Amino acid sequence: MIADKLQQIGAATIGNVRGYGRAGIMLFGALLGKPDIRKGFPLLVKQLYVIGVLSLLIILVSGLFIGMVLALQGYTVLVKFGAEQMLGPLVALSLLRELGPVVTALLFAGRAGSAITAEIGLMKATEQLSGMEMMAVDPLRRIIAPRFWAGVISMPLLAVIFTAVGILGGHLVGVDWLGVDGGGYWSAMQANVDLYQDVMNGVIKSMVFALIVIWIALHKGYDAVPTSEGISQATTQTVVTASLAVLAFDFILTALMFGG
Amino acid sequence: MTTRKIEILVGGFIVLAIAAFLLLSLQVASSGVAGTGQSYRLHAKFENIGGLKVRSPVKVGGVVVGRVAAIELDTTYYRPVVTLEINKSYSNFPETSTLAILTSGLLGEQYLGLQPGFLDETVEILADGDYIEDTKSALVLEELIGQFLFNRGN
Numbered sequence: 001m002i003a004d005k006l007q008q009i010g011a012a013t014i015g016n017v018r019g020y021g022r023a024g025i026m027l028f029g030a031l032l033g034k035p036d037i038r039k040g041f042p043l044l045v046k047q048l049y050v051i052g053v054l055s056l057l058i059i060l061v062s063g064l065f066i067g068m069v070l071a072l073q074g075y076t077v078l079v080k081f082g083a084e085q086m087l088g089p090l091v092a093l094s095l096l097r098e099l100g101p102v103v104t105a106l107l108f109a110g111r112a113g114s115a116i117t118a119e120i121g122l123m124k125a126t127e128q129l130s131g132m133e134m135m136a137v138d139p140l141r142r143i144i145a146p147r148f149w150a151g152v153i154s155m156p157l158l159a160v161i162f163t164a165v166g167i168l169g170g171h172l173v174g175v176d177w178l179g180v181d182g183g184g185y186w187s188a189m190q191a192n193v194d195l196y197q198d199v200m201n202g203v204i205k206s207m208v209f210a211l212i213v214i215w216i217a218l219h220k221g222y223d224a225v226p227t228s229e230g231i232s233q234a235t236t237q238t239v240v241t242a243s244l245a246v247l248a249f250d251f252i253l254t255a256l257m258f259g260g
Numbered sequence: 001m002t003t004r005k006i007e008i009l010v011g012g013f014i015v016l017a018i019a020a021f022l023l024l025s026l027q028v029a030s031s032g033v034a035g036t037g038q039s040y041r042l043h044a045k046f047e048n049i050g051g052l053k054v055r056s057p058v059k060v061g062g063v064v065v066g067r068v069a070a071i072e073l074d075t076t077y078y079r080p081v082v083t084l085e086i087n088k089s090y091s092n093f094p095e096t097s098t099l100a101i102l103t104s105g106l107l108g109e110q111y112l113g114l115q116p117g118f119l120d121e122t123v124e125i126l127a128d129g130d131y132i133e134d135t136k137s138a139l140v141l142e143e144l145i146g147q148f149l150f151n152r153g154n
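Respectively, the protein sequence lines represent chains F and E.
Taken in order, the first sequence gives residues 1 to 260; the numbers are from the UniProt record's numbering.
Taken in order, the second sequence gives residues 1 to 154; the numbers are from the UniProt record's numbering.
Chain F on its own, in the form it takes in the complex:
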C-alpha cells in the first residue's frame, strides 16, 4: 500500500523533472552555438511579424481600455478625498509596475503562445521535424531559435506600447471626459514616477515574463503527443501553465523590486 503510494509520488516527480530537463535541453540546443546571421535574420523577421506585429492590435485595444477603466474607477474613489490630481500617478504606477507587464504576458500567452504550440505540435505530428533532421537541418536551430528570440524581443516592446497606450487612455477619460486638470495629470505623474525604479523595473519584469511564456509555449509544442488530441491538450496546457507561471513570478518579482 505505502510502497505503491511512494512509487506514485516518485514516478510523478521523475516525470516532472524529466520534463524540465527536456525543456532545458531543447532551449540549450536551440541557443548554443554560433548563430548564422545571414540565414537566421530573415527567419527572425518573419517570426517578429507573426508573434509581435500580429499581436499589436489586441495589445493596443486592451491597453487603451484598461487605462480608461483604471482612470474611471480611480476617479470615483479619489474625488471623494478631493485628491483627483493623483489620478495620473495612480494610472501610471499601476500600469508601469503591474498591469502593463502582466496583462501583456497573459494576452501574449493566449494570442501568440498557443499559436506557437499548435504550430510546432502539428509540425511534429506531420513529421516535418523528423524530415528536417533527415535533410541535416537542425529543427532546434531553424524552428525553435527564431521563435524564441522573436518572443523575447517583442514582448517587452508590446508591454511598453501597452503601458503608453494605457496612460493615454487614462488621459482620455480622466482629463478629456471627467475634467481633471491636464497639467496636473502629467506633473503629478512626473513627480511620482521614477525612471529606474518604475519604468526600468517594469521592462525587466516583462523580459522575465517573455522568457517564461515563450519557453513554455515552445516546450509544450516540441513535447506534444503527436496526435490531434495531444496537440489540443498541449495548446491548453501552454495557456494555463504560462498564465499561472506569469502570475507566480509576478508576485516574486514584485516582492523583490518593490517589497523591501
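Treat the hints as calculated values from the structure; they're not laboratory data.
Remember, predicted model here, so these are calculated numbers, not experimental data.
It is possible that part of the hints are untrue.
Claimed, not checked - Going by beta-carbon spacing under 8 Å, a handful of chain F positions derived as facing chain E:
1) K34
2) A92
3) W186
All residues carry an ideal CB built from backbone N, CA and C; glycine is no exception.
Using the hints, position chain E against chain F.
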C-alpha cells in the same frame, strides 16, 4: 505576403515601441532633479524630520527648486541630517535662509520650505556642501497634543 512588406511592418512595430518607450521615459517619468541641468548640494540638521522622504520636494514660495537627495543620522549627536539637491539656476541663497518641514494640505505629503534670508556685506551665499543653520523641525501631532494637555493642566 512579400518579404518586403513583412520587413516594413516589423520596422514599424519597432519604431512604435521606441516611441512608446520615449513617451514613458520623457513624459511620464521625471529624470533627475527639478527640471534639467546641474545641481548643487546643501545640508541641514533637524531635530525631527517627521514624514520627510528621499525625493521629497524643496520649495521656495511653492516653486520646486530641488529635492531631498539623502537622509542620514548624525552618529555623534543622533540628529537627522538631510541632504538637499538644488537646481544650479537657483544658486544665490544667503546663509541666513531658513528651512522648515511643512505639510501640503491637511493630509498631504511633507516637503521642505526654503525661506530666503536677508543679505548684507557680512552674509555669504550658500555654496555646494554648506549647512543651512536655521531649521525648523516637522510638527508631530502627538507632541502638539501632549503640550496642549500639559498647558491645560497648569
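Taking the numbered hints from earlier one at a time, note which ones the structure violates and give those numbers from smallest to largest. Result: hint 1 breaks, nothing else.
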